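So the protein sequences, as listed, match chains E and C. Taking the working numbering, the leading residue of the first sequence gets 12, the next gets one more, and so forth. Taking the working numbering, the leading residue of the second sequence gets 1233, the next gets one more, and so forth.
None of these hints come from the bench; they were simulated from the model. It cannot be assumed that every hint is accurate.
Distance windows between CB atoms, simulated [to be verified]: (1) E/65 <-> C/1289: 53 to 63 Å; (2) C/1438 <-> E/145: 58 to 68 Å; (3) E/162 <-> C/1406: 48 to 58 Å; (4) E/145 <-> C/1406: 30 to 40 Å; (5) C/1342 <-> E/71: 40 to 50 Å; (6) C/1242 <-> E/31: 48 to 58 Å; (7) C/1396 <-> E/90: 20 to 30 Å; (8) C/1496 <-> E/71: 28 to 38 Å; (9) E/142 <-> C/1257: 11 to 21 Å.
All values derive from a computational prediction rather than experimental measurement. Where is the CB? At the ideal position from N, CA and C, for every residue including glycine.
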Amino acid sequence: MSAPATISLAEAERGTSLWQDAWRRLRRNRLAVCGLFVLVFFIVIALLTPWLAPYGYAQQNLELGATPPSAAHWLGTDIFGRDLLTLMLYGGRISLAVGFIATAVALLIGVTWGAIAGYAGGRIDAVMMRLVDILYALPFMIFIVLLMVVFGRNMLLLFLAIGAVEWLTMARIMRAQVQSLRQQEFVEAAISLGLSPAAIIRRHLVPNALGPIIVYTTLTIPSVMLLEAFLSFLGLGVQPPQTSWGLLISYGAESMEEYPWLLVFPGLALTLTLFSLNFLGDGLRDALDVRGARD
Amino acid sequence: MWHFVGYRVLQAIPVLLVVITVTFFLVRIAPGGPFDSEKAVIPEVQAALEAQYRLNLTLWQQYTAYLGDLSRGDLGPSFKYPGRSVNELIAAGFPVTAELGFYALLVALFIGGAAGIIASLRPNTAQDYVPMSAAMIGICMPSFLLGPMLILVFGIYLDWLPVSGWGDSPGDKILPSITLGSAYAAYIARLSRAGMLEVLSQDYIRTARAKGLPEWQVVLKHALRGGLLPVVAFLGPAFAGLLSGSFVVETIFQIPGLGRFYVQAAFNRDYTMILGSTVFLATLIVLFNLLSDILAAWMNPRLRAQYGER
């Protein structure tokens, strides 16, 4: 579509959509906008890391050892003389990737499961949601530790395990949305037009439940990143030579007395990202007027 | 009410069975036998060891035998510490973890509850923003970062408090309890603020104010019970979080609790210890979820009525 020079009558009549409204409200929330900026900044940096990193990823300099921040090494070096900024750039890639991919896994399972349960109703719904109830009561944190011990520290497994924990709330939110939507006329109209249930869910129900899904997704990413960092800190998550912010924090904590910058900078990066995501999530919740996505 | 309790108890049983079964088979299919790292042993010794740990039986026989042991409260012998049973290891570690969790919960409830109530009294003013921003920091600052930072500031730079141990020197319980409790204080602050805001706008609070009660009585006697309901419902999940959070905090502060044993067992591949403590912790978590749900239902007149009718 070419950009019209003036606003046509049809466009003026259309008024503002829900999304435009939400965007306007979000922009007025200064913290959320800051969060969005920080996040976009980190994502761009993570994507460009191979070109941005000042040093090689595994480039050691044992003679140099740990040095505080300097002109050559902006954030200092670790005990092997590796550039901390480079490590944090690569670590951030993994931390963010775990956050986004595991959340995507959770999103896919949760939305599908919740939509089917809510749409089908009756006995299918009862069985599906009882299963969610039972899984909810499982102490998953302990199970993830167990999985990591039994099957070794495998990145794919990490994504799957974390995603498998986080889909439960998503399924509940989606089911509640679908239950209230499917009473409405446009769904009846779609049914009477002969659309298949799968098409109705995909084309009519999911788009209309997008608000809560987006809000909850934004709030899931930080909790997933925290979980990854928690596991890496215990030595059960990301394994060297790969690194993540959680792993860097764990190394930093070991030598913080002599080299505090090794703890402080990765800690700042992780905390800042979590802050941004949480503020953005809260802002989106207010902007889209979603209740109960948190608390 | 009894319907609700019965329903929740019935739900807890399959959960526990799933936990026991999944853990048992996960541990059994784990690569590497428990004695692989040892030097070559004479076949007779090997056989005797396998018999002692029932490894000579079929998987199904092992499973049923384990269930039988469990029903008698016996978690079996430890693989790595010969002569010690998993029960003994748990009995040694759990009191420490329970004490740590208790103090952390106190920190969370008092600081979080107070912050939430204070914030709810004047919403959207500085009195609201300051404690709520602090709560956001608490949520975003993971315990494995907060703990080392606290050690660095209060233990090393200021040299006010001991940096490790549990009950060895005065004050060494303060930093671990704060580290573990702070994230939950933050969640509780948010929950109690939301709960109090909702309650404070209701008619019965206006009535209480209209009949001339002093404000502190309105807040502490009338609003608090309803306003803290979400916090009570959160206690179950919080307890589960505290137990797994203790893995990290006990590692950081070198506290000889169950969390540290668990992580060590995970690294040592002490399978019976992993299995036993998983079952033990899972049972505790399921029980606490059950209790917190029942307590929340009992405190909530609407829910009580809903289940009372049936």
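Here's how the hints hold up against the structure:
Distance hint check: the CB atoms of residue 65 of chain E and residue 1289 of chain C are about 59 Å apart, consistent with the given range 53 to 63 Å. Judged by the Cβ atoms, the range 58 to 68 Å given for residue 1438 of chain C and residue 145 of chain E is violated: they are separated by roughly 43 Å. The beta-carbon spacing between residue 162 of chain E and residue 1406 of chain C, approximately 38 Å, falls outside the hinted interval of 48 to 58 Å. Checked against the given bound of 30 to 40 Å, the beta carbons of residue 145 of chain E and residue 1406 of chain C, roughly 39 Å apart, stay inside it.
Our hint of 40 to 50 Å for residue 1342 of chain C and residue 71 of chain E holds, since their Cβ atoms are close to 48 Å apart. Roughly 49 Å separates the CB atoms of residue 1242 of chain C and residue 31 of chain E, a value that falls within the hinted 48 to 58 Å. The hint said 20 to 30 Å for the Cβ distance between residue 1396 of chain C and residue 90 of chain E, and at roughly 22 Å that hint holds. Roughly 30 Å separates the CB atoms of residue 1496 of chain C and residue 71 of chain E, a value that falls within the hinted 28 to 38 Å.
Roughly 19 Å separates the CB atoms of residue 142 of chain E and residue 1257 of chain C, a value that falls within the hinted 11 to 21 Å.
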